[in-house]
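S.K.: What follows is each chain in one-letter form.
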Amino acid sequence: MKQKLVFLLWFTFLATGMLQAQNLKVTGSVTDSDSKDPLPGASVMQKGTTNATIADGNGVFSLSVPVGSTLVVSYLGYVGVEFPVNNENSLKIQLKPNTKMLDNVVVIGYGTQKVKDMTAPVSSVKGSDLSRQISANPMSALQGKMSGVQIINSGAPGAGPTVKIRGVGSIGDYAEPLYVVDGVFVNNIDFLSSGDIEDLTVLKDASAAAIYGVRAANGVILVTTKKGKTNAHTVSYDGYVGLQIPTNVMKLADTKQYVELMNLANADVSGYVTKDAANYPASTDWYSELLRNAPMHSHALDISGGTDQTNYSVGINYFYQEGIMKAENDYNRLNFRARLDQKVNDRINVGFNTVLSNTSKHNSNDNAFFQAFVNPPIYGVYDDSNTAAYPVKFGSGQLPLYGLGNQYGNPVASAFYNHSAEDGIKMVFSTYAEYSIIPDKLKFKTSYNMDFDFWKQQTYEPEYVVGGSQSLGKSTLSKTFGTSVRHIIDNLLTYNDKKEDLSYNLMLGQSTRIEKQSWLNGTALGVPDFDAQSIYLTTGSSQNRNANDGAYTYNGLSFFTRGTFNLLDKYLASVTLRADASSKYQAKWGVFPSLGLGWNMSSEDFMSGSKIEYLKVRASWGMLGNDNIPANSAMTLGQTGAGSSGIFGDRLVDGVGSLTVVQNYLKWEVVNELNLGADFEMLNHRLKGELDIYNRVTSNVVFYAPIATGGGTADLLGNNGTVQNMGLELGLSWNDKITDDLSYNIGFNATTLRNNVLKLQGRDYIPGAIVRGNFTTRTQVGYPIGTFWGYQVDGVYASESEALLDPVAQIIKDAGYFKYKDQNGDNVIDDKDKVSLGSAIPWLMLGTDAGLNYGKWDISATIQGQFGNKVLNAKRMNRDVFTDGNYDLDFYKNAWRSNAKSNKYPSPKAYNSSFVQQANDFFVEDASYIRIQNLQAGYTFDNLKFVKSLRVYISAQRPLSLFTYNGFTPEVGGSPIANGIDNSTYPMQAVYTVGLKLTL
Amino acid sequence: MKTSIFSIVIGLLLFTGCQDFLDIRPEGTMPSTGLDHTKPENIFLPISAAYASLRDGNVHAFPYIGAFEITSDNADKGSTAGDNPEMDQIDKFTYTATNSLIGGLWTGNFNVVSAANNAIQEMPLFEAAMLNDENKAYARQCTGEAKTIRAYAYFNLVRLFGKVPIIDSTMTSEQLAAQPQATTSALYDFIEKDLQEAIEVLPASYTKDWAGRITKYTAMALKAKVHMYQNEWDSVAVLTDRIMASGRFDLLDNFREVFSVDGENSKESLFEIQSSTLGRSSGDNTFIEYAFVQGPRSNSPSNMQGWGFCTPSNNLIQFFTDRHDSIRAATTLLYRGTKTPEGDSIKNSCANPVYNGKVYTPSALNLWNYNGYGFEHNVRILRYADVLLMYAEAYVNGATSHTTAGFTGLSALNKVRKRAGLTNLGALTMDAVWNERRAELAMEEDRFFDLVRSGRATSILSPLGYVANKNNVFPIPSTQLQLNTNLHQNPNYN
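Line order of the protein sequences matches chains A and B.
Residue numbering for the first sequence follows our numbering, beginning at 1 and increasing consecutively.
Residue numbering for the second sequence follows our numbering, beginning at 1 and increasing consecutively.
These are calculated hints, taken from the structure and not from any lab test.
Ideal Cβ positions, reconstructed from N, Cα and C, are used throughout, including at glycine.
Only true hints are included.
Away from chain B, derived, C-beta distances all over 10 Å, residues of chain A:
id	residue
1	L264
2	N358
3	A678
One side only, chain B facing chain A, incomplete, derived with CB under 8 Å:
id	residue
4	A49
5	Y51
6	T80
7	A81
8	S100
9	P165
10	G372
11	T479
12	L483
If you only want the chain A side, here are some residues facing chain B, beta carbon under 10 Å, derived:
id	residue
13	V465
14	L557
15	G646
16	P706
17	G718
18	I770
19	G773
20	T883
Produce the entire structure from the sequences given, and follow the hints as far as they go.
M.R.: Quick look at the structure:
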């Protein structure tokens, strides 16, 4: 190929050289203006002629052109430039990536499509953008970058985030989007590092996701792993070292403050002895005892490249994150990735790709954070006088001096004696063969994709005594081994052609899915705590060993077809139809169609000369099914085991029990979505934007709803409702160059979301989220799923006399107690006076990205926020059981006191009563927040010997979060009907890192 | 080339198009509809599961001791002052409809009803499928066991909550939510019907390896109690007389032995909830923590300590002292700073001065070391002494014509007294019966509802916080009121 070109050049030179005026041999390099990577294969052409060349593997080209002509340099995915040829014979040409990628292709389901041909809203992010964010998990890196995608993070090492695309459609715990990694369906992408990813595309609406029908109801996230570039070979290293610092740590009362409030709360309690802070030797700040700064580091080595026939990419990366809880708490991940694509001959392409991920995690005992919250500061972490304690002399609140009940366990001891480890090996593998039946027209592709997981989980608690019931007489060990395998076989037949002005692409596909998961668990007691090699079931007591196992199988079958049509590059249409069968539903087959239409208005004559260079309007409609429900849900099962077996004469007699409530017949959960949108570019392609309005209705939503007693179970799975999500998504970006050296970009995305329950089967509402014996949320027609439901606090009684004068029959009428609002004016406070207090679903999410490039320097910042979401502060909501518990500093400062009356906060005594401890708007707090997600500054060296480019950077991830909520973080997940209940969340961290990226 | 590819594709399509591919049963399970009704050995399976449901901790452990005994004048909460505020509320009658222990009593007892209903529904299917008469009769006989269990659960429910829905079959969740709240008298009728039908089919006894299985006399004793709670004295007398006349039951000579593990399922026992570790490790519910939650708190070694709840009150101690009831006192009251006859020390460092001695389990039997105490201890529900006392109470209320067993009310009462080392009484009075009842059945979860049914609760328990016309029943859990809108809260709870 190269030889042909050289010949052409030579011939042209010969033929035309004599006729030309003075020719100049121009050499130069073409590089990416952001990453400074060379762009091999860039086209360099003398404008208006066929005199052209292609940049080599180092981005270097050489072309002979007459002086005064213009060079046109272009490369797929970048904005082309024109260079006038002066007398300079050495040029450094930098091309800017075309962020809207109009001519670029985007990965869509089972194929790719040009951005300008898309009729659906699809958002795409490059892996390099994700890598700039410091996070263990690529999805966390997406936070704030894409409209319509809500990400709720957890601080625990190795913990994946909760991802919600376009609101919450499902009510059950099955609202996760579908992740497809190189054709393999996986549950989440926790096993990938951002460095493994080439690009990540989110299919937001039904028409785009419809091609995945069966599980696409909650959105689809497509991930392709890194590929090699043609005619280039690069080796790169990307690594960073960072420190995590816990942020927004809640402040609690110290011993003096605690004693003051305790004495106020118990002043009227008979037999209460007034406490004196001087009697307590300690004033322990439990959180600072439990938290530490923790390191994290990541290293990735990538080698990739290719020729015309072959593309390869190999990578290895290692990630380590220590947890901020002062205990055995960390996450390790070692990934190996290999990909090969080979053009065997003119008709056949084959390839494979595999990701091998080896993870090991030590889990913390998150209950320790809850204990740190409730434990009074009056005793110390360690206490030599606690003679009964062993092996470590931890302090105990149950010692007579402190007299605390058994619910107050020493949190540091809880964290210390917990050994919970999870190890896993995951292999994602896919291989394909593609055969061109009619070259460039009819192609057949078959692929086999597999996801294999092996995991081991071990929980060990040694024999120990701290005090009270915080002790374990005999050590316990539980080990679980499990495997899961998922096979997907896809067969695709695609035909594309162009007839006059109409180009079209037709696809016919078939997919088979088989999933099997099985596990085995063993438990033993009395396992000695000698060292790691002694912690096995066999070293434990032979008397108390037990084993259990289980499995699940799932099969799915699909047939699908898609047609995309492009008339005159102006009128676009896309139609898909998918038929799915799933072994999970009793109604086996579901059929899901979709239709998308688009109009490239900017290509019309009436739009020529307009300021808007590119404008496309689109409309789409789609129907999807969701089969991400529990596999064994639809059948009434016999209950076996010791729990169903009676004891007679000291022997166990086998029994088989059963529920006496009829299981519901499960139909497909179906999503119906309508989307209207527009994409535009204007002001010389500097301003780009997209706007989408959508309305999605999920019907036959499958979830567990609580039922009246008598059936033997407290809740039952059924097609229990219809939910609507609607909203607006806006994305804007501005890129500009002030001088050659200085350019900047600003991006902005906004999402509004309104979630609404349209219908509930057979009932007015579904209560959810029991906290302190009361349901605290309602899923009710006309309100969002999991709306907080409780009393409005109308003030706090200033005195007993004021309380007694109130005609409304408040449950307790005394100074310092809440005055609940009597909504219906019947002078009685009961369930009828409970109202909606808001929901955990934010109605607005904003994100903004700003970047500045000055010569070799680059600076960027990402800010994001969520507004209108509420959280139930369940940490505070158990004082009637933890009456001796500690108070948080905010409460200490603001509590009602007889000499400092508050109209919002109750008195310490009222705070302990179960009448105050109910769902009300004191406990339901505003969880809106704004956060600086990432600040980064970097410098690129490009003049070094042996090294193509080296970028060093410093970065701060989540350095600042602003919120009013009285908790560690307002990001509290949960199942849809019990969303936003904050019990003991793992604190969030800011991460400060130093890193470098080296390309050889 | 082309054709072979297509044929592979089509072949794949056809192969995977089988319906069998999509019809898979969940792994590791037995379908409930899969019981082979033609096999006689399967008859007992659902019945066994109904028995197992009685081992629920909510039904017979922590909330049970709270609602049935700690509420009474016999016992205090126990443990330490700040421990378990919800039990504190039960002790002081300050509980509300959100108390989770009361909620547990509701759901636990209804789960027993569900397990019993399942068994009751399976039995006719077995009977129909069985070929020989002996097996058919066995299926009918087993129905009696399930009905007794259901009646027992409903007896708990009617005493605890007064008015609850009657659930007697498998229903859809909509039907469950629409069940009406039955009246107390309708509930008692339902209970009596179940027990009457059970009595007709149950055998008089089983072989020793079936110790703990419900006999005809279990059902009769329970029915007698049910009648006693409705003051239907003649029915009480008829049933207790029959039990006494059967000759199968008698009092053990040694009072202490009645409550020991050796004395389990003895000739005095009519109904006991079986509990045993069977040498197993945790996770497999084969024992109830009934004795454990009442074990000596902060005692050592760790297999001789418990949570220390439900401690005998000073009132009870004084009661024993005043009537010189030393044998019963020695068994019922387990003081700290003493050593038991079996050789175990209850250390002075224990948190409470006295514990429930009737659940005492010697260390040699607490084989399981995980904070383990008393997992071998069965929960005594009905025993012969109770039958004799019910007979005496019926007699003093005028039901004097049922003397087949050769007892009078007074002779029955004196028999119970004699075993406890007390002298015979000369005359039978209501107070004498009631006091003997208190002394004999102290700390056995009989006292509170005994006071309520006999109209003495207000006078005796008001000093402890009992409010008349309110605390005679417990509040229906507020979550249940929201799930079934036919349910209305009991008076004076909001």
